[in-house]
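Colleague: The primary structure of each chain is shown beneath.
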Amino acid sequence: MTGFAAAITGIGLVTSAGVGVPANWDRVVAGQGTAAVDPELDGLPVRISCRVPDFAADNAWKFDRYTRFALAAAQEALRQAGLDPSGWEGSRVAVVIGSGAGGTASLEQQHRELLEGGPSTVSPLTLPMGLLNMAAGQVAIEFGATGPCLAPCTACASGATAIGIGRDMLRLGTADIVIAGGAEAPVTPFYSAAFARMRALSRNADPETASRPFDVARDGFVLGEGAGVVVLESEEHARARGADTLARVIGYGASADAHHATAPHPEGRGARLAVQAALADAGLTGRDVGYVNAHGTSTPMNDRVESAVIRDLIGADVPVSSTKGVTGHPLGAAGAIEAAFAALAVRHGVVPPTANLTDPDPVADIDLVFKAARTGRIDVALSNSFGFGGQNTALLLAA
Amino acid sequence: MGTTFESVVAVLAKRFDIDPAEVSRESSFDDINLDSLSQIEFGTALNKAFAVDISDDEMAELSVIGEVVDKLDEKLAEKV
Numbered sequence: 148m149t150g151f152a153a154a155i156t157g158i159g160l161v162t163s164a165g166v167g168v169p170a171n172w173d174r175v176v177a178g179q180g181t182a183a184v185d186p187e188l189d190g191l192p193v194r195i196s197c198r199v200p201d202f203a204a205d206n207a208w209k210f211d212r213y214t215r216f217a218l219a220a221a222q223e224a225l226r227q228a229g230l231d232p233s234g235w236e237g238s239r240v241a242v243v244i245g246s247g248a249g250g251t252a253s254l255e256q257q258h259r260e261l262l263e264g265g266p267s268t269v270s271p272l273t274l275p276m277g278l279l280n281m282a283a284g285q286v287a288i289e290f291g292a293t294g295p296c297l298a299p300c301t302a303c304a305s306g307a308t309a310i311g312i313g314r315d316m317l318r319l320g321t322a323d324i325v326i327a328g329g330a331e332a333p334v335t336p337f338y339s340a341a342f343a344r345m346r347a348l349s350r351n352a353d354p355e356t357a358s359r360p361f362d363v364a365r366d367g368f369v370l371g372e373g374a375g376v377v378v379l380e381s382e383e384h385a386r387a388r389g390a391d392t393l394a395r396v397i398g399y400g401a402s403a404d405a406h407h408a409t410a411p412h413p414e415g416r417g418a419r420l421a422v423q424a425a426l427a428d429a430g431l432t433g434r435d436v437g438y439v440n441a442h443g444t445s446t447p448m449n450d451r452v453e454s455a456v457i458r459d460l461i462g463a464d465v466p467v468s469s470t471k472g473v474t475g476h477p478l479g480a481a482g483a484i485e486a487a488f489a490a491l492a493v494r495h496g497v498v499p500p501t502a503n504l505t506d507p508d509p510v511a512d513i514d515l516v517f518k519a520a521r522t523g524r525i526d527v528a529l530s531n532s533f534g535f536g537g538q539n540t541a542l543l544l545a546a
Numbered sequence: 004m005g006t007t008f009e010s011v012v013a014v015l016a017k018r019f020d021i022d023p024a025e026v027s028r029e030s031s032f033d034d035i036n037l038d039s040l041s042q043i044e045f046g047t048a049l050n051k052a053f054a055v056d057i058s059d060d061e062m063a064e065l066s067v068i069g070e071v072v073d074k075l076d077e078k079l080a081e082k083v
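Protein sequence lines, in the order shown, are assigned to chains A and B.
Per the numbering used here, the very first residue in the first sequence carries number 148; after that it's consecutive.
Per the numbering used here, the very first residue in the second sequence carries number 4; after that it's consecutive.
Think of the hints as simulated: they come from the structure by calculation, not from any bench.
We treat Cβ as the ideally placed atom computed from N, Cα and C, and that holds for glycine.
Just so you know, not all the hints are guaranteed correct.
[To be verified] Reference excerpt, derived from the structure (chain B facing chain A, CB under 8 Å, subset only):
id: 1; residue: S10
id: 2; residue: F19
id: 3; residue: D20
id: 4; residue: T47
[What the hints assert, rightly or not] Distance condition first, Cα-Cα at most 25 Å in a straight line; then the derived BS3-like pairs of lysine-lysine:
id: 5; chain 1: B; residue 1: K74; chain 2: B; residue 2: K17
id: 6; chain 1: B; residue 1: K51; chain 2: B; residue 2: K82
id: 7; chain 1: B; residue 1: K51; chain 2: B; residue 2: K74
id: 8; chain 1: B; residue 1: K51; chain 2: A; residue 2: K209
id: 9; chain 1: B; residue 1: K17; chain 2: A; residue 2: K209
id: 10; chain 1: B; residue 1: K78; chain 2: B; residue 2: K17
[Claimed, not checked] Some chain A residues well away from chain B (every beta-carbon gap over 10 Å; in silico):
id: 11; residue: G190
id: 12; residue: A207
id: 13; residue: R239
id: 14; residue: H258
id: 15; residue: R259
id: 16; residue: N280
id: 17; residue: L319
id: 18; residue: T321
id: 19; residue: E355
id: 20; residue: H406
id: 21; residue: A408
id: 22; residue: L431
id: 23; residue: M448
id: 24; residue: T505
Just chain A, same shape as in the assembly (with noise of 0.2 Å):
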């Protein structure tokens, strides 16, 4: 059952490079990073981030920050896809929006109400805000989505997971539209701590360079948050509506390391497995492919296994890049986040370069692209998602 393909119809992006596609395209072609140091992780030991700038605050009272990005990039998609959700049949759109951490900084403040003022202090709307369900959830209120509706969550993966979910529902018949992302906002003195703690995150002194995939001098991730969204049809129901395609997802493979928590296999099993899927799901080869959005996380481990991986299944000599140079990680975001810029690699026949790569480490044998994007036609994009607990995704953009 390979050649399925899924119309992206509607792209939506928030995150530290901007709120919208052309804030986030023109920043992550441009290769220039957003690290900084946060004066809200004030008196930890990793005190940089990647925030997104100026979000507005409306309806903060009731909806958790991961939730507002969810909504904003929805909005943005929704409206790119032409869709009125006043005038469709609401049966027949889904919502699978992902995330790792939920509401994590409404349950942390609610945490301190307990413990602070007692029990009859804790919000009311402490789970309502704080769920991981709960971006689906509003995004599905808010847009009168009343077809089948998840929050799929596979770590640093869920917001790839939620397209590759997405594209299976419409193959099956599921729905007619889907709407699919991620969506997180773990930028908070606790998520900071425990990231810390593992020694996952960048120390670097200089916070602006802190996100350097791929080069000798990484040394760790840098937090960020926002969200990626598409709008999903299959192919017939854009052209039935004479939608715009803008990109295509004609391959999803998901894997699991089953090896270890939070370190990758050190051959990259689960990785190779979820690529191969993918692959075999389009009916291509790693040949066909001619751009890789990596993974790229910064942290040395990632940086090596996930290189072989490429090398080995798709080729020494395709064009790679990782984008969290530009936005850091925004985990359970990254992996819609970084869909997006892929299907809109292909669409515009430009490789964006890994921003703060200066110095490749040669471990990493593959044709990384740095300082400058790289233009020309991609037909195929390959983008890797990695979450902990090994949960792997791989999905195939075309143009």
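Put chain B on the given structure of chain A with help from the hints.
Modeller: Frame of chain A; chain B shown alone:
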């Protein structure tokens, strides 16, 4: 210090982004879009702001802002 009504409206504005101009003593919770969970949260916010102890059950018996103002006045009087 303004009136208790003004203080209650200030809590609504701060906690729920409600436009003070939209609120009168006759406004029901429905009128200002406070669902049942938000009504309980409203009580919690008042308790914190005025160091009183309106219980969830007491809050559940109220339905318009004027009643909330009266309840708060009653609690404030108990404190003196």
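Colleague: At 10 Å, judged by beta carbons, does G190 of chain A keep clear of chain B as stated?
Modeller: Non-interface label on G190 of chain A holds, nearest chain B Cβ at 25 Å vs cutoff 10 Å.
Colleague: At a threshold of 8 Å, is the proposed contact between D20 of chain B and chain A supported by beta-carbon distances?
Modeller: 6 Å, holds
Colleague: Hey, is L431 of chain A genuinely clear of chain B, shortest beta carbon separation above 10 Å?
Modeller: 49 Å, holds
Colleague: Beyond 10 Å from every chain B Cβ: check whether that's true for A207 of chain A.
Modeller: 8 Å, violated
Colleague: Would the non-interface assignment of N280 of chain A survive a Cβ cutoff of 10 Å against chain B?
Modeller: 17 Å, holds
Colleague: Just to be careful, I want the Cα atoms of K74 of chain B and K17 of chain B compared with a cutoff of 25 Å; is the pair within it?
Modeller: At roughly 20 Å apart (the allowed maximum being 25 Å), K17 of chain B and K74 of chain B satisfy the hint.
Colleague: Quick check for students: does the CB of M448 of chain A sit more than 10 Å from each CB in chain B?
Modeller: 43 Å, holds
Colleague: Check the non-interface label on H406 of chain A: least C-beta distance to chain B beyond 10 Å or not.
Modeller: 42 Å, holds
Colleague: Return the status of the interface hint for S10 of chain B: holds when the least beta-carbon distance to chain A is below 8 Å, violated otherwise.
Modeller: 18 Å, violated
Colleague: Can you verify the interface hint for F19 of chain B: is its Cβ closer than 8 Å to any Cβ in chain A?
Modeller: With a minimum Cβ separation of about 5 Å from chain A (threshold 8 Å), the hint on F19 of chain B holds.
Colleague: With the threshold set at 25 Å, check whether the alpha-carbon distance from K51 of chain B to K82 of chain B stays at or below it.
Modeller: 14 Å, holds
Colleague: Please settle this one: A408 of chain A was flagged as non-interface, so is its CB more than 10 Å from every CB on chain B?
Modeller: About 35 Å separates A408 of chain A from the closest Cβ of chain B, which puts it past 10 Å; holds.
Hint compliance for this structure: hints 1 and 12 are not met, and every other hint is.
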